[in-house]
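Please model the entire structure based on the sequences and the hints provided.
Each chain is listed here by its residues.
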Amino acid sequence: MSMADDVTAHPEGEPEIRPGVTPDRTWPLYEVFVRGKRGLNHVHVGSLHAPDDHMALHNARNLYTRRNEGVSIWVVRADAITASSPDEKDPFFAPSGDKVYRHPTFYEIPEDVPHL
Amino acid sequence: MDGDEQQLAEAFDATVAAEGRIEPRDWMPEGYRRTLIRQIAQHAHSEIIGMQPEGNWILRAPSLRRKAILLAKVQDEAGHGLYLYSATETLGVDRTELTEKLIDSRQKYSSIFNYPTLTFADIGVIGWLVDGAAICNQVPLCRSSYGPYARAMVRICKEESFHQRQGFELLMTLMAGTDAQREMVQDAVNRWWWPSLMMFGPADGDSPNTQQSMAWRIKRHTNDELRQRYVDMSVPQAEKLGVTFPDPDLRWNPERGSYDFGEIDWDEFTAVVKGAGPCNAQRLAHRRAAHEGGQWVRDAASAYAAKQAEREQQAVAA
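These protein sequence lines are chains A and B, in that order. Note that numbering that gives the first Met the number 0 has the first sequence beginning at 0, numbered continuously upward. Note that numbering that gives the first Met the number 0 has the second sequence beginning at 0, numbered continuously upward.
Since the hints were derived computationally from the structure, they do not count as laboratory data.
20 Å max Cα-Cα, derived SDA-like pairs, lysine to any residue: (1) B:273 x B:200; (2) B:107 x B:205; (3) B:107 x B:267; (4) B:306 x A:57; (5) B:157 x A:65; (6) B:157 x A:67; (7) B:157 x A:62; (8) A:36 x A:70; (9) B:157 x A:42; (10) B:239 x B:172; (11) B:157 x B:73; (12) B:66 x A:66; (13) B:306 x A:53; (14) B:66 x A:65; (15) A:36 x B:154; (16) B:100 x B:278; (17) B:306 x A:58.
Covered stretches of chain A (chain B as the covering partner; in silico rule of three or more C-beta atoms under 8 Å from a C-beta of chain B): (18) 50 to 58; (19) 78 to 85.
All figures in this text were calculated on a predicted structure; none of them were measured in a lab. Every residue gets a Cβ at the ideal spot worked out from N, C-alpha and C, and that includes glycine.
Pasting the structure below:
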């Protein structure tokens, strides 16, 4: 699964901004990525709303790492992520579908060749 | 349904049947989306409202140790609510809207939180029985067909284990105390046992949504299956603790390999769901007051963010 698959959808577009709405309705959505420990990639863990990047980072710390789940956090505004569309999944990934020669198992080597 | 949609529906059914996961940007039937929003939002609201009965005892916890544990637990409930609101938003709803639906009584939360916490033993019993029932319900949901919901449940289940164990330990401590403390535990068990059984929802014959939810693999077991599993798990724990459940019909059935138990008071269940429980009005009023009273915090955070952004711009210009 690519991380982009997991990003929150906005099927109805951005929420409409109306006069008198509470400000948190207009706070942007952030996607949160946590590095569990040194040597591992950051992994998407969920999302949250915050008024700016800095507060998003603090909220992410409080929400997603209450039990030492991470040593590093990324927060990214959801609207800054470009994702592939699941509708075009097959054609989009098709170029790699017919290139079996990119895999080591494509090559037949006699069993008595050592260290290969 | 036109040809394209037919094809999408077939792909969706095939993914679900193969134990694959549906992800936010996939096509899904409108009923599937609606059912998930209803179920996950109700679950999120339950976590948020669930902070109240326990929060009631934070200031009166008998020791610093118990206070720190209870604070951590209530903070977890807030976290669980937020994981679940986050999952709901992947379905195209806004969490502010969900909060408004909750305080306007347009969406429900678990009826268990409409019962009061009268003594500190209730805190232990909530951890043991109420969180125990929640775990029973939630462990199978870690395999729910909707990816973001299943992943939120994995995080939640890990944390619930601490909740249940701290409750059982609290009760063991009280049971090792005075007669009055043991009576307090038994009294709390008597009051919470039946409401805990009601947490699994109506009997299978009266649960119209179950079949469809199971076909979609949103739910993995029927209400009665989970309720039976919970009774079978809880009885030996009660024996270890030295308390009894207030049910004269509760006994081991060797033929079924399970415990038989008495009939739930479904009139009480229906009344509490419809708003007539001991604390329904109080819980909602408190949630509304917290939301409205928190407005200045949200305003201040927005104002702070705006000021910081302005300063940054000035620094760039200078």
